[in-house]
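Asker: Below are the chains, spelled out letter by letter.
Protein chains: 2
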Amino acid sequence: MNFRVDNLQYCNWSREIFQINHDAKLDALHATICYHEDFDELQVNIRQWNKFFEENSDLIFQGKNSSDIKKAREENKTAVFYGLQNCSPIEDNIEYVEILKNLGVLFMQLTYNNQSLLATGCYEKRDTGITRMGKEVIKEMNRVKMIIDMSHSAELSTLEAIEISDQPIVVSHANPLFWHEGLRNKSDIVLKELNNSGGMIGFSLYPHHLKGASNCTLRSFCEMIAETTKKISINQIGIGSDLCIRHPDSIVEWMRNGTWTKTKDFGEGSAGNAGFPPQPSWFEDARGFDNLDRGLREVGFSENETHDILGNNWYNFYQKFD
Amino acid sequence: MNFRVDNLQYCNWSREIFQINHDAKLDALHATICYHEDFDELQVNIRQWNKFFEENSDLIFQGKNSSDIKKAREENKTAVFYGLQNCSPIEDNIEYVEILKNLGVLFMQLTYNNQSLLATGCYEKRDTGITRMGKEVIKEMNRVKMIIDMSHSAELSTLEAIEISDQPIVVSHANPLFWHEGLRNKSDIVLKELNNSGGMIGFSLYPHHLKGASNCTLRSFCEMIAETTKKISINQIGIGSDLCIRHPDSIVEWMRNGTWTKTKDFGEGSAGNAGFPPQPSWFEDARGFDNLDRGLREVGFSENETHDILGNNWYNFYQKFD
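Going down the list, the protein sequences come from chains D and F. Take 1 as the starting number for the first sequence in the working numbering and just add one per residue. Take 1 as the starting number for the second sequence in the working numbering and just add one per residue.
Hints listed in this document are in silico derivations from the structure and should not be mistaken for laboratory results. Any given hint could be a false lead.
To be verified - Taking lysine-lysine and the DSS-like style, the derived pairs with C-alpha atoms no more than 27 Å apart in a straight line are:
1. K192(F) - K262(D)
2. K320(F) - K192(F)
3. K264(D) - K135(F)
4. K145(D) - K135(D)
5. K320(F) - K125(D)
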């Protein structure tokens with residue numbers, strides 16, 4: 001059985017999006033349910049998701065472990081797994097880790113761009129690595145089997161998370177730095193240590209992470225994947241599209257600024273290019289997985305390898321956290 | 001008019017403590033009202049203080065600005081000023097800074113031992129300096145005239161706070177490192193930059209910060225103050241006793257561990273010396289100010305200089321934030 005998994009989306013969720021993901025034949029989706037929310041604020045999002053699951057039960061259900069990916073395939077639905085792009089919902093309380101896992105949170109980033117209580121984000125000037133609280137939280141995440149995601153973290157913090165964690169970690173949505181000098185893209189050293197520790201990287205389709213941005217070609221993207229397999233095992237790569245479709249630009253402003261600053265921060269964008277950038281024409285939404293399937297074959301991947309990259313690898317990885 | 005100011009206490013507040021501080025002739029007290037509390041939890045403490053003020057109005061009232069120190073002297077009471085030893089009450093929201101100032105919070109530490117969202121605490125392995133959010137919050141504290149306190153911060157973070165802040169900052173309760181190698185004590189460089197920027201240091205009477213700990217002599221303490229005036233102006237020093245009297249040892253455990261760890265942390269103590277250490281015999285509570293008065297004269301300070309150290313300097317400093 002082959003699976004399709006998109007290991008990161010933060011769309012303006014609606015039946016339209018669930019239908020698109022269904023048309024894209026996604027068996028599993030890692031959905032971001034938090035950027036800046038604290039524990040109580042996160043409950044609002046979880047209640048909204050419960051409503052989504054109830055009202056769209058023909059298309060989606062909440063995924064809790066890897067068997068739900070199989071179930072999704074059998075029932076022709078998409079299993080939606082929760083992930084946090086920030087550790088803000090645990091606030092300063094390590095006891096929230098277990099509670100969040102019990103609520104179905106499978107992934108948690110230790111940072112979102114800025115310094116957090118646990119580690120350093122990729123936009124800070126200096127990198128502490130994993131903090132005192134961070135070490136404790138990693139231990140606790142290992143214990144309750146919550147996956148550590150360092151997509152938005154700085155280099156030393158990422159390397160230390162790999163080293164400290166007893167379980168493999170992920171970079172759910174980013175690309176290699178060798179291909180495109182995006183602020184969030186990852187170095188060869190990170191790829192090497194991910195490889196050695198059994199971790200995963202999910203390739204991002206967000207224009208700020210792409211060579212040529214919105215004009216990036218399918219061929220360039222797939223060649224980058226081929227090149228990356230020289231640095232990390234072909235069984236440790238997947239897709240984390242970072243699709244943020246149907247949102248107004250006010251959302252990307254909130255993602256960047258939250259409530260931490262009164263001076264406007266433009267993140268990966270700029271004052272002249274502040275909004276969401278347009279998606280490449282071959283990946284306007286998850287139905288672009290069909291183009292990826294074709295593109296990967298065209299750069300030389302076999303049918304099996306293509307299936308691994310488009311979902312089987314994530315499925316196998318999820319199994320470690322059942 | 002001469003004033004007595006203790007610029008840091010966290011006692012187990014009660015009428016007995018207010019009476020002791022009154023007997024000690026304290027005109028002003030900087031009282032810690034937070035170690036780990038978030039915004040909502042802090043309101044519980046503020047409500048409790050409102051009750052204290054109502055029930056002990058013959059001894060204390062809430063201080064808001066420097067004129068309240070004068071008023072306290074005239075009415076034979078102690079003006080109690082609020083301070084936070086952690087930035088946890090602003091959570092990840094810069095807008096809480098102004099709200100807290102309006103509630104009467106005059107001091108806020110940017111960190112309490114650990115890494116915070118704003119800066120690095122003195123117990124972390126590495127020091128980021130002031131973070132992206134930290135820079136914004138310093139600007140906002142300057143705007144609303146809230147005093148930056150770096151007592152529990154790491155060195156680079158402290159130096160950067162001095163550099164970034166438009167207003168002078170304080171180390172409300174710590175001693176110089178040259179005298180005692182306490183983890184929280186401050187280097188000559190910090191003293192020099194405090195001096196150059198108009199900042200203040202309040203000398204601590206907490207045994208872990210004292211040479212000889214609980215057996216520290218009054219003479220040694222006062223000689224340290226005399227020596228320190230070679231490094232920072234005699235007009236920029238005061239007392240921040242760090243008195244934590246009448247608490248059970250469970251409180252120091254909470255101060256150290258909050259909710260950030262499941263492994264017990266002993267802070268400045270150790271497994272074999274986990275509780276509150278006994279105060280030196282000459283400073284068992286704030287009435288020890290009389291001993292300081294005598295001790296400072298004995299090491300050569302004039303009457304005026306002694307008054308400056310025991311309160312006038314703090315009074316003058318508070319005036320800058322009216």
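Asker: Hints numbered earlier in the text: which of these fail when held up against the supplied structure?
Answerer: 1, 5
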